[in-house]
Every structure is written in C-alpha cells, then in structure tokens.
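Listed below, chain by chain, are the residues.
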Amino acid sequence: MTMHSHPSDETLARYAAGTLAAGPALVVATHLEGCAACRRAVAGFTAAAAAMMEQLAPVPMSDDALALALARIERPEPRPVRTGPSLPSELVAGDIRIPLPAALATRAIGRWRWIGPGVRFSKVEVPEDPTSNVILLWVKPGTRLPEHGHGGTEFTQILHGSYFDGIARYRAGDMQEAGEDLEHQPVVDADGECICLAAVVGGMRPTGMIGALLRPFLPM
Amino acid sequence: MTRPDDETKLDADGLGRLLQAIAERRDRDAYARLFRHFSPRLKAFLMRGGLAANVAEELVQDTMLSVWRKADYFDPARGSAVTWVFTIARNLRIDHARANRHGTPEPDPSDLPEPADLSDDLLISGERDARLREALRTLSEEQAQVVRLSFFSDKPHSEIASELGLPLGTVKSRIRLALMRLRTLLDDAE
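Line order of the protein sequences matches chains A and B.
The opening residue of the first sequence carries number 1 in this note's numbering; numbering runs sequentially from there.
The opening residue of the second sequence carries number 1 in this note's numbering; numbering runs sequentially from there.
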C-alpha cells in the first residue's frame, strides 16, 4: 500500500477560509494542483467557511455604502487586461526540467545557491508574508540532512524525487507538514535528486532543518 | 440603514434567485437586496481576519462590484450563492494583501482573472452545500467556536488558548476533533 501525505485538515480549512499565511498557502496551492482529494476537501471547507460567515454577527456598513455601491455599478466596465509577457513554465535544476507549478508562475524566484554539501536552494519571493520564508530546495541523491527539531511549522511539497525521514517516505506530489514537536532526519533517496518547495514559518526561531540551513543566508 | 429584518434574512435559494435576476436583467433592486444581505456579513468576516473596518469596507465594495459584473458566472447547480460570494471576497482579500505589499495599485476586481477556485472541481454541488449547512448545525457550540476560530482568525493556537482561558493542548485537540467531525460531515454530504 502506498501512503500519500497531505496537508492537515486545519491547514486546508485555513486555506479555504483565506486565513493561512501566504507562504504556506503557496505550498498548499502547489499540492492542490496535483491532488484531487485535497481540492475536494478545500471545496467542502470553503462551503463550510461561507456558511459560518452567515452565522457571524453582522458588522453594519457606513450609511452611504449602498448609495456608493449603486453608483459604482453604473460606471463603465473596464476592458479586461491582456495577459502580460509569457511566464516561465519550467523549473530547471541542472539536468532536471520539471513543469513549474502554476502557483509559482507569478512569483520572483532567485537563482540556485549552494547551502551545504549536496544542497542548493533558491528563494521564492512572498513579500506579503513576513512570517515565513519560502524556498525551493534541490538535494543530491543520498544526501542526509541534519537531524533537527522544528521551531515553527515547515510545509514541504515534494516536486521531484523522494526522501525518507526515518518515519515515512515522501514522494513527488506529497506534502509534509512538520510541526514543532517533530524530530526527524530526512535522507534523500539514492535513486535520484529531490526538489521541494518549502515554507518555513516562525522566522524568529529558525531551529528547523531548513531554517538552520538558511540561517547564514537570510535575515530571519 | 434601517431595513425590515426580512430584507436582510434571505435563504440560500432566495439569494441565488437574486443573483440570477442580476445576470438575466441587470436587476438593480435585486442587487440592493443582495448588498443589504451580504455587505455586513462580509465586513464581519474580513474584520475577523484582522482587517481594519475601513479596509474591510472597501473590500466589501469591491466584492459586491465583482458580484454585479460576474453574476452570469453563478450557477446554482454548482454551489450556493453564499459560497460563491464568499469565494470572491476571500480571493480579493488575498490579492489585496499581495498588491499592497508590492506597492502596486490595486487591480480593479473586474481586471482580475476568474478566480481559479470557481472552476468545476473546486465547487461542491448546491445540494451538498445545503446538506452541509444542515450538518453544521449539529456541531456543539463548543465545537463551532473552535472551528470558527481556526477558520477565521490568523492567530496562533497559543493566542487562541489565552483568549479562551484554556490550556494550549486542549485548544489543539479541540480544533483537531472539531475539524475531523466537520470533515466527516463533509464526506457524508457527498
């Protein structure tokens, strides 16, 4: 039996409600692109969030709100904007070329930088979320990452290859959500390189694996 | 705005018919009724997520303008009016946060591409939506409270715990159990 790894219910619920921070939300959006089960769960949680919005105590609008709304609908509708220059559609890491997740298409992504033996990273800009760092990680086959606990939650979506963290194996399409209570030591499988998208939350205490690796490089 | 209660309390079918009236004949009266129903609720939702009242109100206006312009995309067979309007507000808030941070002017809502979440597989059927609302009523008040908090507030568990005067572990397990129960209800509603 193959176990697949998905975001937690709480993460999916917050994503559906729009209250998950933008960094983790980017990782979840990447997961959803390949996971119909989680897309269905998000649809359900969205309907639930909408139903709960109806139950919140309403907050009155200002007195002229309706008049303003009725005036705005009389204004001419702007023409739809044309799409900008064509966006990159591939993620390239050495000889590996994989489709760039659509969620990343409009994000500025830095170049690969060496970070330790067998490990490179590039930064994904999510300026609207100061609480997390989002990176792509590119790890050589068989690389053993340092054993580590987590200062905050790390959200990791596997885009290519696989790793085993001593507890479970994570393959392309899986998402691992590692809470602060998890201690693990991921080892990238020997048969191929591994590329992941990760959001590291809780920038003040970067004791997580990725946080620890990044510390010298990032103002966290 | 003082209006009779029955004007702001519309059921899901009634809201859907108002949306269809806008789509079919640009019905301004229907739009005013939808605005009275949704705007104070959208404002409450946006403020729960940490927005100031004036910013929340601007986003409500943008959401409702988008509702007017995109009403013909609404299909009652593919989800309730409430879910449809909520999804527009949620996406606009996310876009607003991103645009603000970039220092770029905010896009007019009608310039935005169709929200991806309105594609087929991300909506649940109207019937399932109705059963879900029924099922939500079966949550205990205690469960409903933690579900609301875990959905609508961007606060960490530790902050929720101190607000509720509960140990952190209790809050974590309540959220997990309440969402598990909600997930079961959602699966049953399929």
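Just so you know, these hints were derived from the structure itself, not from any lab.
One or more hints might be untrue.
Said to hold, decoys possible - Here are the computed distance ranges between Cβ atoms for each label pair:
1. B:Arg17 <-> A:Ala105: 16 to 24 Å
2. A:Ala168 <-> B:Pro167: 26 to 34 Å
3. A:Gln55 <-> B:Gly165: 16 to 24 Å
4. B:Gly165 <-> A:Ala190: 46 to 54 Å
The structure presented is a predicted model; accordingly, all values stated were derived computationally and were not measured.
Cβ coordinates follow ideal geometry from the N, Cα and C atoms, glycine included.
**OP:** For arginine 17 of chain B and alanine 105 of chain A, compare the CB-CB distance with the range 16 to 24 Å and indicate the outcome.
**Re:** 38 Å, violated
Original post:
Is 46 to 54 Å a correct range for the gap between the Cβ atoms of glycine 165 of chain B and alanine 190 of chain A?
Top reply: 51 Å, holds
Subject >> Verdict for alanine 168 of chain A, proline 167 of chain B (Cβ pair) under range 26 to 34 Å >> reply: 29 Å, holds
Original post:
Per the hint of 16 to 24 Å, is the separation of the Cβ atoms of glutamine 55 of chain A and glycine 165 of chain B within bounds?
Top reply: 23 Å, holds
Of the hints listed earlier, the one the structure fails to meet is number 1.
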